[in-house]
Each structure stands twice: as structure tokens, then as C-alpha cells.
Amino acid sequence: MADFSWNTQSPLQRALVAGHHGVPALQAGVVLTEVRNIVLVQVMARRGKAADTAKAAKKLFGIEPPNSPKAAFGKSATLVWSGPDQFTVFAPRADEASQLDAMSKAFAGSASLSEQSDGRCLIRMTGPRARDAIAKFSSLDLHGDVFPVGTAANTSVDHTAVNLWREADGADGQAVYAMLVFTSFADSLWHTIVDSSLEYGVDTSSTRAA
Amino acid sequence: MSGYSQTEPLGRTATMEGNTNARGNAAAATQSHRLRSGGLIDRKAPLEFSFDGKSMTGFAGDTLASALIANGVKLVARSFKYHRPRGIITAGSEEPSALVEMRTGARKEPNTRATTQELYDGLIAQSQNRWPSLRRDFLSINQLFSPIFVAGFYYKTFMWPAKFWEAIYEPLIRRAAGLGKSAELPDPDHYDKAWAHCDVLVVGAGPAGLSAALAAGRAGSRVILVEEDSRLGGRLLSDGGEIDGMHAEEWVRRTTDELASLPNVRMMVRTALFGVYDGGVYAALERVNDHVPVPGPHQVRQRLWRIVAKRSVVTAGAIERPIVFPGNDRPGVMMASAVRTYVNRFAAMPGRKVALFTNNDDGWRTVEAIQQAGGDITAVIDPRGKVPAEYQAVAELSDLRVLSGGVSDVKGGVDGVRGVVVTDSNGRTQQIEADCLAVSGGWNPNVGLSCFHRGKPVWRDDIAAFIPGEAPNGMVMAGAARGEFSLGACLRDGHAAGAAAAAQCGASGNAGEASEAGDEVYAISPLWQVKAKGKAFVDFQHDVTASDVTLAQREGFESVEHLKRYTTLGMATDQGKTSNITGLAIMAEATGRSIPQTGTTIYRPPYSPVAIGALAGHHRDENFHAWRLTPSHHWAAARGAVFVDTGLWKRAQWYPQPGEKDWLESVTREVLAVRNGVGFCDVTTLGKVDVRGADAGTFLDRVYINAFSSLAVGKARYGLMLREDGIVMDDGTTSRLAEDHYFLTTTTAKAGPVMAHLEFCRQVLWPELDVQLSSASDQWAQFSIAGPNTRKLLQALVDPSEDMSNEGFPFMGAREVKLRGGVTARLFRISFSGEIAFEISVPARYGAAMAENLMIAGKPFGVTPYGTEALGVMRIEKGHVAGPELNGTTTADDLGLGKMMSKKKDFIGRVMAGREALTAPDRQVVVGIKPLDAKRRLRSGAHVVPRGAIPGPDTDQGYVTSVCYSPMLQQWIGLGLVERGRERSGEIVRIHDPLRNEDYEAEICNPVFYDPEGVRQRG
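Taken in order, these protein sequences are the chains called A and B.
For the record, in the first sequence the residue sitting at position 130 is 132 according to my numbering, with numbers rising by one throughout.
For the record, in the second sequence the residue sitting at position 373 is 575 according to my numbering, with numbers rising by one throughout.
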């Protein structure tokens, strides 16, 4: 019988060429990273069960899910608001099956779960010119007063839905933005981001979620 | 006025201080009209450029216009209609005359205003609209025929015969009366678009704008200051003055420094605001790299900004207006403020003997500017007949020749002004020697931006000008833009507006005090036109004369909107910035109405020209729109697949093999491989929706025409949904994976609209249902595996514990299966090809591996990947409807699916589908169509008419929707929508295709051409 290997492939298999692109610079203006190996689950409260869902989330992740466009950071997961009575759970992938199993158990009866680990691609963007580059494809006002750490938005880029939130600032003090995009659009969006960043110099890489 | 130029007289410019290198000395040699010192130019940075092939030099800080003036060039253009010699009239973006063709080759850019083009080393510019040369222009003969080139000339002349218009007249006219020619090569430069956000947007960085930005910035609001010029300062750069006891130049420097030190203030130069939109969105064009030969690596040429602002303060200043008199378009006739700009800011003298024609005090500033630069003022013509008090000392000191009256003619030729004829109130004329005539007819506040939301400007008699009326929400005007002309007033007004705007945005900091300056008197006695014999121009760019305006009035085009369209007044690239008000003033006089009664035309964006490239930004060529790739895309590309754009998706259309001569051969091979063996196709592009919740079944019952609550877990069902109006919306298979979990699929094209429709139903129509929806389209890589050997292939792929027998996995079964190697997949036994077929889904990360593993598992059975063309051929052979039939006009019954409509339940579209016209017996319904001549290629779009009928609207009975070459029937076949089609099986009809000039006969038949009993897919 034939041998089947099930190698996984990122949607950025071709688009992501790790290294420096654009204007040569000692410090790249933009640092762009694909975050691989993620678990992503959309949690949607059953009718009338929003409070139960929040309670279950608190129990499982130690944090309340946000009820407005925000991201909440727990020890094991980030909960990102994605609509009324729903949120997306983002966690580094460890033992995927047991992670999903734990969620199924925790939300049994209170919420429907839709696995999206393969349905979205997570892109992280930082660097002193990240905001300038993002301004070329996003209409969001990312000024620190308006969009502090923990703010989230369901927005659109190139007419495509994107979830964007601001993570904790990097060690260098720079703002860090996370973007979730539909897998099939990732190649296209990556090109748009890189093209927008070339004039500032951009470092690209992929990393495993941690 | 305390100008910059403490200069020595002209004629002593041969050697200039600061130029110690050879190139600098060479630079000086060509600049016959450059002042020896002064100006905001960098004499240590000489720049070479060429105009019409002639090499010249200028300095950093010059515009092309100022450099041409410094080189003594007066003739720079030929006019639009009469090909009259033209020069430089203004020093700003309102320039109507000095349009040139910039750059060469692919970067060639016509109609560039020389007055806004910054000089750079190596700049190449050409004059336009002339042949063979600017000095000897053949079509200047048009001037001799000028009596016939009046307003409405084209409409009156080129009327007969009508068919000549498109083929002959229009191309001819366009060639004769054009401006520049655009490049015919793709633009090699990049453009992009960006968003910016602020509390207070300040438009224009003159004294009012700088004051507004400083006040708003000090108060702590987020400020964006945009300025179309490359420098901040506005008229202060040209007219100087004293502010807070310091020279204006010093004040600009200090203010700019303070603004730069405020982190909440962003200054954007070379950025012209051109549009005002709803919700406080403004559009601006930043000319990032128009001032260099070629943008640097990874740099854009221009950037389109969309600025979102809570408040805006428009301090866009005012535009000086010409006076209409014969010869007012001669090269060397220039706005008085422009003369001062060239002298003071650019140290370039427009003429050696300057005459001044002004009806207002401000024009008199020009006297001092010229005199201090060492120039000669030969006369001042002021119809008011006396020297303004402020200038009496100057006039007496220099024994100035002051004439009462108006300029009634300007003598000169291609070389420009040679003399000025002045007629006084008694009709006596005298000629004055001059090579430059500075003109000021007063100032028009720049009301444009305030009128973009249909605000009507308001007339003010004391300044004889319109000021802004009701501005768009959130916008205020300040300074000269609202008729506050004195420097002191501009500073106060700007400061107050900036402070107020910041406070309205919640900023509570201290805005500080307004800077102080004097309040010079601005007195004006309106004068629009000096009536005398000869061509007197109102609109320089479109060659509209005063007599064109009065002719329009005589012919009944009295409304300003009619005047504009009949004469084309104000319709050129300058949008009439220097001509509109004057034109309507002349119309007002001709009709005996006041100017406000006559009114203004509607102001519309863009305020200044915007390149299409900037509007497109990044979205051109391969980036025209976003794209979507399936997980097996790179795998397919590596196998040489030809891709087709379906919506945003790139789909493999077919996989050419070596030796295949065309697509038909490849597609036919793929079809036969499936029908005789096994093949697979990536169908990831189908929309997929997880429908969950206790009421998921009820929800789907209401959405689909057929029942889904009765569907057993582990089964799939074909579903059809209607729009509210009873027309078919979409179709697809939906499977029940658990009691409270359905997996719904849509067509590729309708994935987005169906998801939006379902969300609307869930959130708005039936919020009481316990239903949750999520798009799973991208989560799963999905492949259709089809052909008699499908089961064998799958048995090699799935875990041996899975029962893949016909009983163990029956037709329309749907469940999870384990694959060899440890991956879990979803398997659906559904067929679009008529063969035994499955669709298999794995998480997208395994999509590429799945394609590879299907090849491995199917190798013993000759597995063949196939594309969307073969998919289409097989669905047509089976009579399955798709996009061309689900075309937004067809009912379920039209598609042959009427029986699916449940009578036991309600569903969206049920009632409206029962309307008379939607159930009429003569509707066009789906049929099969087969040409009688088996070699004949059927084409979609061809009309179906009865045999023997004359084709036409009355006999038209439908059309061919989908066609293919059927490898199984070995001929072209198709589906069509034909009137009463199902009753007419076997009838011979005429296929009429006027588009391709084809006419032939075909038979109407059962749309299921192949295996009509459906034996194969159940086997």
C-alpha cells in the first residue's frame, strides 16, 4: 500500500520570502511575521446563552471574553471580539485535539464552535513605520489614543474581511498589530503589505505561535 | 512692504556671488533676468534644464516658470483654439496658460502647469499644441478665421451630415484643438493611496493657515496641515511683511519650527486638497516625487490621501483676477501678485520695463517690489485716478507716472509685450513703453472647497468678490479665503478658527495668542472689462473672449450653467479659477442683473487636476484586485495548469500535456479520463457555511425551497434557494453532520452574497431561532473525485476500517472518514459529473498534500487532475444548471426543478414565485440543444427562433446559455432557455447568431445528454 505523507502547507508558502525587502536599512521600518501553528476557534453563544458562554470562557481561559471590539489576553489564549455574542479564540497549537476537546466540553450547551485554524492566516506587523504602511491599505485610525493595546476591529482590506487587533507592545516599545485574514486571501494581502512597506524597508519571517 | 530683495539693478547679473564653480558661472550666463541677490533660491545649487530642446539653467528652489522667466523666456505656449502665443500669467496652481509637456517617453506628462512644477536637474519640458515650432505655429492661421470660431462654433458648423461626426469631425477637431499628448506607454512609476486621521485639518499654510495650525496644535488637538506648495508660508513668501515685530520670513521659520516640535502636528507639503466628502473625509494629492527626475527605489510618484478630520479650517487664500481688455493674453501680461512672487521669491524679473494696471490698493504693492529689485515701473494705470494714501510717498519719491483710465490694447507679438495702450475716461489714448504688464483686478477668495456640498457663495460689495456661504459640515474658512485680506486679520482669523476647532474636538490646552501685524487697507473699485476693439480674453485656457460671453447672452444662454457649457468657459483643466467670476460679471452686465443675481456655477471636485494613476494607486496590473488561491494552487501551477479568474479566485482551467495542440484537446482528454477511469478537481472555491444550533433545520427549511429538517444525520441533499422575489438565488448541497450541525455549500460566485443573505435572515428575519453561522469556506480544501474507479482510489486512501461499499457509503452519504496516515477528512458522496463521485474535504493545511496523495492513490487507475473546463463539459453533458442558467431571471420551474418546491412549508420566495408571469406556460425553460450538423460548433448567446421564421424581436424564443464539445456525443451540445422548451423536445429550430454571422438548425432535446437514467453515479 502506498505511503501517504500529510505535509502541511502555509497559505504563504510562496509569498513569504524570509529576509529583508525594499529600501536597505539598518533597522527595518516594518517587521512582518506570519504566525504559524495556531488554534483558532470561533465561539458563538447559543440563543440566550451569552452569559453562560462568558462564564465558560472565564473558567477555561481565566478571562472574560470582550463584549465590544477588544481583545482580551489570557495565559493560554487571546479572545478577540468578532461580533455580538461571539468571539474568536486564538491559542498557540500544542496538542490540537485535546485543546479542541477541552473547548467542546467547556462550551457544551452554551455556545457553538466553528474551527477556523485553517480558515484564517495570522499576520503580525510591527516596526517604527508599521502604522504608515498599514495606512496604505486600512482606513482605521491606529493612533495610540484611539487604538490602544487590546483594541480590536472587524475591518476590510481590499474588500476582504480582516480582524485586526493591537497586541502588547514589543520589547522595543513599538506597537504590534495582529491581522487575521481568510486563508485564500493571505497570498494577496501579504503582497499588498509588503508592497506598502518596501519604501520603509521590511523584514519578513514566519514563526511558530508561542 | 519690506521685500527680500535688496538687489542691484538688472544688467549687472553676469557674475553672481556664491557661484565659484565653473558650472555655476555657466548657470549665470543664461539667466539674463535673474536678480543678483535675494529670493528663496539656492544659488549654490544650479540646475540644468531644457525647454523645447534649448538648454538653460536655474537654481534649486525655482519652479519651471520662474526659471523660464529668469532666462528671459516669455513665449511658452500656444492657445487652445486660436493658437495664439501665450506666456506665464500666474505663479500658482491657478495657472491657465503656461501648460507644458513634462518629461519624455513613458513618463511624458502633458498639461503640466509650469508654475507648480519644481525645477530639477535634467528637467525636460516641451511646449505643446504647436507645429512645427512654438514660434512658427501653422495653426495660428486660425486667428485669421477667428470670427467664425466663436462660442458654439462646433455645434453650429459640424452638424451635417450627422454620420460624419464620429468618423471625421471629432477626430479632426480633437487634433486641431488639443492640448498636450499623453504618453502611449505604460506608466513605469508607482502610486499609492493612504489614509490619515486628525482632529483639525488645516488647508493652506499661509499666515492664516500657519496661525490656525499653531493654535490647534498648541491646544493639543491632532492637526494635519496640508500645503500644495513645496514651502510653507503662502503669500508671505512673496509679499513679506512684518509680524510680531519680525520679518515675515523669520516668523514663518519660527512658526514652522514650533509646529515641527509638536508631536500632534503633521505638516504635509506638495499636498493639494482637492475634494470634500461626507463624514469629514477629504481627498488630497501628495506629489511625492514630481520634483525629481525619477522616484527613488521603492518610492511612489504620487500618493492619494484620504484624510478623516473632525473639523477643518480652510485657509486656502485668494486668487487674483485678471481684467479683460484687448491683448490681455500677450506673453508678458501677468498678474501683479505673480510679478511680485517672481521678483521677491524667485529673484527673477519678468520684465525690464513694467507697467502696472490695477483697480485696487493691493496691486500697488507691485510698485515697491519692482523698484526695490532695481526694475523700472514705466507707469501705473489705475481707473480710480488717484494714488492710494499708503503709496503716495512712494509715488512722489520715484516721480511715478500715474494714469487714470484703462488698458485698451497691448502691442506685441510672439516675443511678448512691447507696449501698452491706455485710454482715459475722455477717450484719449497714449502708448506706454513696457515689456511686462502687471494686472490686478482684485482678489477672489478661494471659496471652492466650501462649495463642494452645494454651498452657495455670498457676494460682498466692499471687496467686490464672493465669500464662502454655508460650508460643508465641520468646515470653517479663515483668512483671505473668507475675504479677510489684511495680514493682521489673516493672523487673527486663522488663530481664532484653529483654537475653536481644537476646542470643538475636546482639546483643552492653551492655544496661545494670535500673532500681530498691520491691517493694510484694501480698497477696490470693480473693473471687469475695458471695452475696446480686439480680442479680450476671459478664459485663457479655453480661448473664451468677452464677445463669446455676450454672444452667448444674445443667443439665449443667459444662465451661468448654460454660459459655461455653450462657451466652455471655466471647463478647462484650471476649472476657471481665474476666469469664472469675471465671465459671470460680464454676463451680469450684459443682462442688466447684479453679479449675485447672476450667480455662480456649481463647484465640484477635484479642485486641481488629479492623475488617474493616483486614483488607481496600487490597484493596477496584477494588483488590479485582490486574488484568492486554493490550497492546491502551487501544486497545480507546478503541473502547468492554465488558470482562469473566476471572481477573485484563480482556478485551474485545464492541465495541458506535452503534444496537445489546444485547450480542446486537453479538456477532451480530461473528460474521457474521468468517464473511463478517475479524475479529481479542486472545488475549494465553493462557498461553505457551518450552520449550527438547535433550530438549524428549521432555519434551512425557511431558506431552501425543499426540506432539510427531515434530512438524516450523515446524509447530503441538493438544495435550491430563492430570492424574496421568487427568482432562483443559488444552489448547492447541504449535509447534516450532527443533529445541530449542517454544512451548507454554495456556488463559487454566490458564496459572499449567500452568506450575507443567511446572516440577514438570522439577525433580522428570525432572531428568535437558535442558529449560529460561520463561514468555513477557507477552512477546508475540497476536491471532487469522479469516475468509475473512484471507489478504488478512495479505498487506497482511506483507513481500511472505513466501509466504502455502495451500502456502507451510499449515494448522498456524508460523514467523516479516517485517512491513511492519520488525517481525518469529510467525505460526501455527491456527483456533478454523472459518474460515481465523492467530494473530500481536509483542513486547508493539507490541501496541497491531498492533491499529491490523490495522484499517488490513483496512480494504478490512471488518475487525472482536471480543471474547470472539463468540469463544465461534464455538467453540461448531464444537464446540470450553473451560473449561465442561474442568471437572476429564472425560476425553479424554468430550471426543471419546480417539483422541489415544498408545498408543506413556507420558505423565502414562495409567495412571489406564484406570480402570474413567473408561472406562465410560455416561459423560457432549460432544454438541451444539438446542432443538426454534428460538425457545427454551437455558440452560447445565439438566438433560438422557429424554423422558417425571420429572426427578430417578435420571433425570438430564447437563447443558448451553455455550450461544450461533448467527447461522449462527439459533437457540440448546449443548454438553452427556450419558450415552452420542455413541450418541444425533438423540434428542429433555427439558431441565429448575428454577432458571429452564423445561422443553422438544431434540435431541442432532453438536457440530460449522457446517462439520462443516472445509473453511473449510483453504481
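Be aware that one or more of the hints could be misleading.
[As the list claims (entries may be wrong)] From the structure, some residues in chain A lie toward chain B, with a derived Cβ separation under 8 Å:
1. T35
2. N156
3. D160
[Claimed, not checked] Below, a sample of chain A positions facing chain B; criterion: calculated Cβ distance under 7 Å:
4. F6
5. W8
6. R49
7. S106
8. G121
9. S158
10. T162
11. T185
12. E201
13. D205
Think of the hints as simulated: they come from the structure by calculation, not from any bench.
Beta carbons are placed, not taken as given, at the ideal position from N, Cα and C, and that holds for glycine.
Checked hints:
1. T35: At about 18 Å, which exceeds the 8 Å cut-off, the nearest Cβ of chain B leaves the hint on T35/A violated.
2. N156: This hint is violated: N156/A lies away from chain B, its Cβ roughly 13 Å from the closest one there, beyond 8 Å.
3. D160: 4 Å, holds
4. F6: 4 Å, holds
5. W8: 5 Å, holds
6. R49: With Cβ-Cβ at 4 Å, under 7 Å, it holds.
7. S106: Violated, because the Cβ-Cβ distance from S106/A to chain B comes to roughly 12 Å (cut-off 7 Å).
8. G121: 3 Å, holds
9. S158: 10 Å, violated
10. T162: OK, holds: T162/A within 7 Å of chain B, min 6 Å.
11. T185: Since chain B brings a Cβ to about 4 Å from T185/A, closer than 7 Å, the hint holds.
12. E201: 5 Å, holds
13. D205: Violated, because the Cβ-Cβ distance from D205/A to chain B comes to roughly 14 Å (cut-off 7 Å).
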